[in-house]
Amino acid sequence: MFGDYSIGDLGSIFVMQGFAGLILFSVYVLMALGLAIIFGQMGVINMAHGEFMILGAYVTWMTSNLFQSYLPGLFSGYFFLAMMLAFLASGALGMLVEWGLIRHLYKRPLDTLLATWGLSLILQQAYRSVFGAREVGVELPQWMLGSLKVTDSIEVPINGIFVMGLTVSITCAVAYVIYKSRWGRQVRAVVQNRIMAGAVGINTEKVDRYTYGLGCGIAGIAGSAFTMIGSTGPTSGQLYIVDTFLVVVFGGAASLLGTIASAFSISQTQSTLEFFMSGSMAKVLTLLAVVGILMLRPQGLFSLKVRK
Amino acid sequence: MSDEPNKGLQSPLRRKLLMGAAALPLVSILPRPSFGAGPATATVNTTGLAVTDTEVTVGILHSATGTMAISETGSIQAEKLAIEQINAAGGVLGRKIKFIQEDGASDWPTFAEKAKKLLVNDKVAAIMGCWTSASRKAVLPVVEQYNGMLYYPTFYEGLEQSKNVIYTGQEATQQILAGLNWIAKEKGAKSFFFIGSDYIWPRTSNKIARKHVENILKGKVVGEEYYALGSTQFNSVINKIKLTKPDVIFTDVVGGSNVAFYKQLKAAGVDLSKQALLTISVTEDEIDGIGGENIAGAYACMKYFQSLDNANNKTFVPAFKKMWGEKTVIGDVTQAGYLGPWLWKLTCEKAGSFDVDKIAAASPGVEFKEAPEGYVRIHENHHLWSKTRVGRAKLDGQFELIFETADLIEPDPFPKGYQ
Numbered sequence: 001m002f003g004d005y006s007i008g009d010l011g012s013i014f015v016m017q018g019f020a021g022l023i024l025f026s027v028y029v030l031m032a033l034g035l036a037i038i039f040g041q042m043g044v045i046n047m048a049h050g051e052f053m054i055l056g057a058y059v060t061w062m063t064s065n066l067f068q069s070y071l072p073g074l075f076s077g078y079f080f081l082a083m084m085l086a087f088l089a090s091g092a093l094g095m096l097v098e099w100g101l102i103r104h105l106y107k108r109p110l111d112t113l114l115a116t117w118g119l120s121l122i123l124q125q126a127y128r129s130v131f132g133a134r135e136v137g138v139e140l141p142q143w144m145l146g147s148l149k150v151t152d153s154i155e156v157p158i159n160g161i162f163v164m165g166l167t168v169s170i171t172c173a174v175a176y177v178i179y180k181s182r183w184g185r186q187v188r189a190v191v192q193n194r195i196m197a198g199a200v201g202i203n204t205e206k207v208d209r210y211t212y213g214l215g216c217g218i219a220g221i222a223g224s225a226f227t228m229i230g231s232t233g234p235t236s237g238q239l240y241i242v243d244t245f246l247v248v249v250f251g252g253a254a255s256l257l258g259t260i261a262s263a264f265s266i267s268q269t270q271s272t273l274e275f276f277m278s279g280s281m282a283k284v285l286t287l288l289a290v291v292g293i294l295m296l297r298p299q300g301l302f303s304l305k306v307r308k
Numbered sequence: 001m002s003d004e005p006n007k008g009l010q011s012p013l014r015r016k017l018l019m020g021a022a023a024l025p026l027v028s029i030l031p032r033p034s035f036g037a038g039p040a041t042a043t044v045n046t047t048g049l050a051v052t053d054t055e056v057t058v059g060i061l062h063s064a065t066g067t068m069a070i071s072e073t074g075s076i077q078a079e080k081l082a083i084e085q086i087n088a089a090g091g092v093l094g095r096k097i098k099f100i101q102e103d104g105a106s107d108w109p110t111f112a113e114k115a116k117k118l119l120v121n122d123k124v125a126a127i128m129g130c131w132t133s134a135s136r137k138a139v140l141p142v143v144e145q146y147n148g149m150l151y152y153p154t155f156y157e158g159l160e161q162s163k164n165v166i167y168t169g170q171e172a173t174q175q176i177l178a179g180l181n182w183i184a185k186e187k188g189a190k191s192f193f194f195i196g197s198d199y200i201w202p203r204t205s206n207k208i209a210r211k212h213v214e215n216i217l218k219g220k221v222v223g224e225e226y227y228a229l230g231s232t233q234f235n236s237v238i239n240k241i242k243l244t245k246p247d248v249i250f251t252d253v254v255g256g257s258n259v260a261f262y263k264q265l266k267a268a269g270v271d272l273s274k275q276a277l278l279t280i281s282v283t284e285d286e287i288d289g290i291g292g293e294n295i296a297g298a299y300a301c302m303k304y305f306q307s308l309d310n311a312n313n314k315t316f317v318p319a320f321k322k323m324w325g326e327k328t329v330i331g332d333v334t335q336a337g338y339l340g341p342w343l344w345k346l347t348c349e350k351a352g353s354f355d356v357d358k359i360a361a362a363s364p365g366v367e368f369k370e371a372p373e374g375y376v377r378i379h380e381n382h383h384l385w386s387k388t389r390v391g392r393a394k395l396d397g398q399f400e401l402i403f404e405t406a407d408l409i410e411p412d413p414f415p416k417g418y419q
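Respectively, the protein sequence lines represent chains X and R. Read left to right, the first sequence gives residues 1 to 308 (this note's numbering). Read left to right, the second sequence gives residues 1 to 419 (this note's numbering).
Bound-form chain R, shown alone (with noise of 0.2 Å):
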């Protein structure tokens, strides 16, 4: 505990948080941030993580290098932005937070062993990070022998659930089901394609559409394709998809094959505002390199779009470009990435405690109401409960808003009839 509680921040820092916070409306309301002013240290944290009176360390834990960096970037800046703003609004319990930024590199045991890094040398309290499912399986052994805490912003194939890891992106029956739904009830379509990248992601993903489009809307699948991860060629696949005449060509390519794809596609005359094309791998950020001019007219079924009108999205918005240039796109993970902190603020306040296990155990039923995204909140089983949205992919790259789930959709990671 400190007497003076503005000490252990330097004044001109001081001033550019306090800034912050004038210009941020989400935060402008809350008090002026003094630091030092929480609980006790020896009352909040009984595990000897990296918390003082008037800091609190948390890792952010990304490929800022190496071919993930693409992906990547955006989950960085979401979770800074997050921290920021926290900082600006007094902190959590009292406390500043610090981060120490890992670079994974794109490789998976380096993941591994930053993580590992984060958790025994610098005893951070949570890791923000992960984006392929390939370098949460590598970190996952880590957090739970060392039981730290992870949040992870990406939406994946689920099948797995642990007491150390939040899961703020969707599994993959949240984000699917509802979207084929409506588009089989909207377009009335019966025959689907699937084309994917040649991983664990797309290929579970594909599966449990396969199992909902002829079990559930008792439609057809009349192909289903998977590229090694990197492929640049589909002119192939591209005359298989005209030759079956599919309703929907339904897609789950990954990375720099997405732009190759959706280029031939157009080269090829196939137009999609005639052909329906429902994807769940391209956000803002993959269209940034497509270019809007050869995928607009598709539709994408996810949670966030940057063009979501709602009040929180409307400041969560300009705050984001106003830290990381006007030119910057805020996908799906973006998003996601944001709910990292905030929800791990909110867990540790509910739960009065940095301790890991309080706050696993605190997590189920935190309610996050400033999300962009609207509403979230963490199911038993940690994953969120959210809304899944239909967009349709406009000429600057941005998505229109065309269907949206009327509640939230339990997360069910490990979804019964779909393995």
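Looking at chain X on its own, in the form it has when it is part of the complex (with noise of 0.2 Å):
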């Protein structure tokens, strides 16, 4: 396939092709942080988590709306304080969640399942009725569309860059609150071992309720950067559940480091693969070579070192 391009044609190929693979990586690991909190740290299997993030874009397209009728000279900069409200707002719900739902689930995580299952449907429906069923076109300010010019044949895409640049903050303040923090301290000794975590004095009802509503809170911000990309409808969050539970699953759940891993190795033999075959063959391979590697590892990719 490559017999009629020139030397250069190939090379600017090859790096556009290298940045969408790291989009991809970007994106995967920014679906997949809030998850990584909820099921990794708290082992709640959280069927939501679609909808939370699509909670996060409906706000994203709401602020914008807003800013177009009252406040069209700040248009340009609505986007940061969208984010912030999608943190807030999936935040504000996933506690609210968490204490009228999941804290009677902690014993049968199982259970948990089925309840954030039928929690989505309940979520998918309330959006339907509030927002309609068809998708909403979130706007986007002048300067996130289009793409950079780095050489004549290379472009690589504005909106990519943002998401990447958003990825790699957000993982570090995660990164940071987990385990450089009093706080997250105290929700890594929770995860280990609930009663005696209890019995030295930390209230883990408090620190269960704000985990939960942290990882809600990050997916709100992923579903408000992915209307750059994406589609914002009721039923949108659904096209992200899989692929988010792949990658936290093959990192090895309990890991934030496995999730950066396995969101870098699956997008990057997908991206590669889409390149070389056709996308369902790419995803079909990909999803292969994943099984195998769980078969062989079933605690995933990376996982802590535990007494059994």
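Hints should not be assumed to be uniformly reliable.
Stated by the list, open to error - As a list, the in silico SDA-like pairs of lysine to any residue whose alpha-carbon atoms are at most 25 Å apart:
hint: 1; chain 1: X; residue 1: Lys-149; chain 2: R; residue 2: Asp-247
hint: 2; chain 1: R; residue 1: Lys-321; chain 2: X; residue 2: Ser-129
hint: 3; chain 1: X; residue 1: Lys-149; chain 2: R; residue 2: Ala-276
hint: 4; chain 1: X; residue 1: Lys-149; chain 2: R; residue 2: Asp-271
hint: 5; chain 1: R; residue 1: Lys-327; chain 2: X; residue 2: Trp-61
hint: 6; chain 1: R; residue 1: Lys-190; chain 2: X; residue 2: Ser-278
hint: 7; chain 1: R; residue 1: Lys-242; chain 2: X; residue 2: Thr-272
hint: 8; chain 1: R; residue 1: Lys-327; chain 2: X; residue 2: Ser-129
hint: 9; chain 1: R; residue 1: Lys-274; chain 2: X; residue 2: Ser-153
hint: 10; chain 1: X; residue 1: Lys-149; chain 2: R; residue 2: Gly-297
hint: 11; chain 1: R; residue 1: Lys-274; chain 2: X; residue 2: Asp-9
hint: 12; chain 1: R; residue 1: Lys-220; chain 2: X; residue 2: Ser-278
hint: 13; chain 1: R; residue 1: Lys-394; chain 2: X; residue 2: Ile-158
hint: 14; chain 1: R; residue 1: Lys-220; chain 2: X; residue 2: Phe-275
hint: 15; chain 1: R; residue 1: Lys-242; chain 2: X; residue 2: Ile-161
hint: 16; chain 1: R; residue 1: Lys-218; chain 2: R; residue 2: Gln-419
hint: 17; chain 1: R; residue 1: Lys-211; chain 2: X; residue 2: Ser-280
hint: 18; chain 1: R; residue 1: Lys-274; chain 2: X; residue 2: Val-150
hint: 19; chain 1: R; residue 1: Lys-327; chain 2: X; residue 2: Met-62
hint: 20; chain 1: R; residue 1: Lys-321; chain 2: X; residue 2: Gly-132
hint: 21; chain 1: R; residue 1: Lys-190; chain 2: X; residue 2: Phe-275
hint: 22; chain 1: R; residue 1: Lys-245; chain 2: X; residue 2: Met-281
hint: 23; chain 1: R; residue 1: Lys-190; chain 2: R; residue 2: Leu-217
hint: 24; chain 1: R; residue 1: Lys-245; chain 2: X; residue 2: Ser-12
hint: 25; chain 1: R; residue 1: Lys-245; chain 2: X; residue 2: Ile-158
hint: 26; chain 1: R; residue 1: Lys-394; chain 2: X; residue 2: Ser-76
hint: 27; chain 1: R; residue 1: Lys-207; chain 2: R; residue 2: Pro-413
hint: 28; chain 1: R; residue 1: Lys-185; chain 2: R; residue 2: Asp-271
hint: 29; chain 1: R; residue 1: Lys-242; chain 2: X; residue 2: Phe-275
hint: 30; chain 1: R; residue 1: Lys-242; chain 2: X; residue 2: Gly-146
hint: 31; chain 1: R; residue 1: Lys-394; chain 2: X; residue 2: Ser-69
hint: 32; chain 1: R; residue 1: Lys-242; chain 2: R; residue 2: Asp-271
hint: 33; chain 1: R; residue 1: Lys-80; chain 2: X; residue 2: Ser-129
hint: 34; chain 1: R; residue 1: Lys-242; chain 2: X; residue 2: Ile-158
hint: 35; chain 1: R; residue 1: Lys-207; chain 2: R; residue 2: Gly-223
hint: 36; chain 1: R; residue 1: Lys-327; chain 2: R; residue 2: Gly-374
hint: 37; chain 1: R; residue 1: Lys-80; chain 2: X; residue 2: Ala-126
hint: 38; chain 1: R; residue 1: Lys-327; chain 2: X; residue 2: Glu-139
For the record, the hints were derived by calculation from the structure and aren't laboratory data.
Once you've looked at the hints, go ahead and assemble the two chains, each given alone in its own frame, into the complex.
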């Protein structure tokens, strides 16, 4: 397939393809981070993760409408405020859900699967009733559209760079919170041994609620960012849920580093294969590779060392 | 037969209908509705359908919930509008249309079950319904077994024909070939890149398009790619498009993937005012989600655009907006949905009966001159004769009509040489 092309052409295509892989990597990390906290740290199988993301997307849509109507002068910067609002909205809903539903199910982790799946159906119908069944178009400020011309033939999408930057900063923030802060230590203590953590004076209920809220809030930010590349409709969250679980499970549920490594390997495999064969075949081969590796290493790429 | 013609209608409803009639230029010239004055029920209904002296019941069967609700909402709205207008204009054979709406919930077995319920329990005279090919394939054996009549609005892949179905959308050759001919002639296009969602409709459509490009237009297909329904990552295929530099990108990506595809295409610096792109899957409905700025400049090839400039459409669009809100848009399938109840009414009147067998037999040749798309006629094979049009997407989410075929195109669900 490369016979007819000059070296220069090929070179720039490979550079752009490399960027495509990196963008896919950032997207995977961003959507998996929230779940890595909720599923990885708390063991809650959160099937409603996609719906928390879409809440963030709808918040972004509302913010953009608000700015267009009342503050058109500040429209170019609305996206940053929208992401913060998305974090707050999804986080608040997450804490409410934890209080009303999840906290009764910590001793029955498998039941969280069913409960959160039901929750996702309820949320989908709620979005449909409130926002309508049709997809909404989120208008972006002008500077986020188009691409950056690096050379004559190399172009890099601006929203891709934006997603990459966002992913790096959020990942660093989460890593700091979980591994360096006092609260993060408490979270990890509760994860490792809930009863002991309670016995040494940690308010486990509060830790749980905030952890769940944080995970959902990050999902909200991801949803907000994905309005740049994907659709916003009542059921759009379903598009992400499979890939999200894939990344978290493959990486080893309890490890942040694992999530990142797994997002990297899956995204690179997929985008390379996609380039050399058709999209559906690339997906099949990627999934087969993941299944194969999980059969050999059921705990995922990285896992915590614990005494069994 | 009733001796008091208006007894079947409560007066507030009647007043509302009359007001509706006055607001609609299309029907305001027609006589005042007086239900119950039609021919005797025993003569128009010999098979036990839900027909009384003053009412006839039809079913509406679409997904109001689930993933397909995005697309099917427009069809539901159009069918309800058509029914309201028909009632305001005197109903069918002197009877008011009453509808029972069932929700297929984007689940194909549910569609089959609800179709059976409508036919067996409710004894509806006709069903306006289905959207995806999968739902139609699920409902088809049911309408054939219980001898119902289905009016199906979506453009689809063809390769099907049934006594019990009227296909009010275009089949694939009707929709695609004229568009390809136009772009080959107008743009001198020789190389094509196909990209679609991975299911029956895009695959069949692309197969037809490939045969046409290779055998008739003597062009070349430089790539053919399919992505799973719901895919949101198209950067790799966009790079492939950049590498192969096709004259035309030909797309039949559907649903949420559409939004991702066009946003990423724009972000990758593909300028649709320079790179020709022909889509058969993006209507005004989809642009609502994609955003006009992301797709402006692309060509779409289908039979109806909201912006069509003809007298019928000029009464249809305001009536639709009056009923469903100023912001709603009307896409190709929505318009085809609107045709269903009208074609059924005209066929009933031609046959002088509600009996399904008589309607199936009377359908060929039925004309609907007030169709928003212009004029349609039912073919022997239960598809519609219709024109094909090419429109160019504008920033405001509407299409500007660029080209339309001079004549109606004959529907050909089993095209020779394309399989």
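Hints versus structure:
no.: 1; hint: X:Lys-149 - R:Asp-247; in the structure: 22 Å, holds
no.: 2; hint: R:Lys-321 - X:Ser-129; in the structure: 20 Å, holds
no.: 3; hint: X:Lys-149 - R:Ala-276; in the structure: 21 Å, holds
no.: 4; hint: X:Lys-149 - R:Asp-271; in the structure: 13 Å, holds
no.: 5; hint: R:Lys-327 - X:Trp-61; in the structure: 16 Å, holds
no.: 6; hint: R:Lys-190 - X:Ser-278; in the structure: 22 Å, holds
no.: 7; hint: R:Lys-242 - X:Thr-272; in the structure: 16 Å, holds
no.: 8; hint: R:Lys-327 - X:Ser-129; in the structure: 17 Å, holds
no.: 9; hint: R:Lys-274 - X:Ser-153; in the structure: 16 Å, holds
no.: 10; hint: X:Lys-149 - R:Gly-297; in the structure: 22 Å, holds
no.: 11; hint: R:Lys-274 - X:Asp-9; in the structure: 20 Å, holds
no.: 12; hint: R:Lys-220 - X:Ser-278; in the structure: 18 Å, holds
no.: 13; hint: R:Lys-394 - X:Ile-158; in the structure: 23 Å, holds
no.: 14; hint: R:Lys-220 - X:Phe-275; in the structure: 20 Å, holds
no.: 15; hint: R:Lys-242 - X:Ile-161; in the structure: 19 Å, holds
no.: 16; hint: R:Lys-218 - R:Gln-419; in the structure: 18 Å, holds
no.: 17; hint: R:Lys-211 - X:Ser-280; in the structure: 22 Å, holds
no.: 18; hint: R:Lys-274 - X:Val-150; in the structure: 20 Å, holds
no.: 19; hint: R:Lys-327 - X:Met-62; in the structure: 16 Å, holds
no.: 20; hint: R:Lys-321 - X:Gly-132; in the structure: 16 Å, holds
no.: 21; hint: R:Lys-190 - X:Phe-275; in the structure: 23 Å, holds
no.: 22; hint: R:Lys-245 - X:Met-281; in the structure: 23 Å, holds
no.: 23; hint: R:Lys-190 - R:Leu-217; in the structure: 8 Å, holds
no.: 24; hint: R:Lys-245 - X:Ser-12; in the structure: 14 Å, holds
no.: 25; hint: R:Lys-245 - X:Ile-158; in the structure: 22 Å, holds
no.: 26; hint: R:Lys-394 - X:Ser-76; in the structure: 23 Å, holds
no.: 27; hint: R:Lys-207 - R:Pro-413; in the structure: 14 Å, holds
no.: 28; hint: R:Lys-185 - R:Asp-271; in the structure: 21 Å, holds
no.: 29; hint: R:Lys-242 - X:Phe-275; in the structure: 12 Å, holds
no.: 30; hint: R:Lys-242 - X:Gly-146; in the structure: 15 Å, holds
no.: 31; hint: R:Lys-394 - X:Ser-69; in the structure: 22 Å, holds
no.: 32; hint: R:Lys-242 - R:Asp-271; in the structure: 11 Å, holds
no.: 33; hint: R:Lys-80 - X:Ser-129; in the structure: 19 Å, holds
no.: 34; hint: R:Lys-242 - X:Ile-158; in the structure: 17 Å, holds
no.: 35; hint: R:Lys-207 - R:Gly-223; in the structure: 12 Å, holds
no.: 36; hint: R:Lys-327 - R:Gly-374; in the structure: 23 Å, holds
no.: 37; hint: R:Lys-80 - X:Ala-126; in the structure: 24 Å, holds
no.: 38; hint: R:Lys-327 - X:Glu-139; in the structure: 16 Å, holds
Comparing the model with each numbered hint stated earlier shows that all of them hold.
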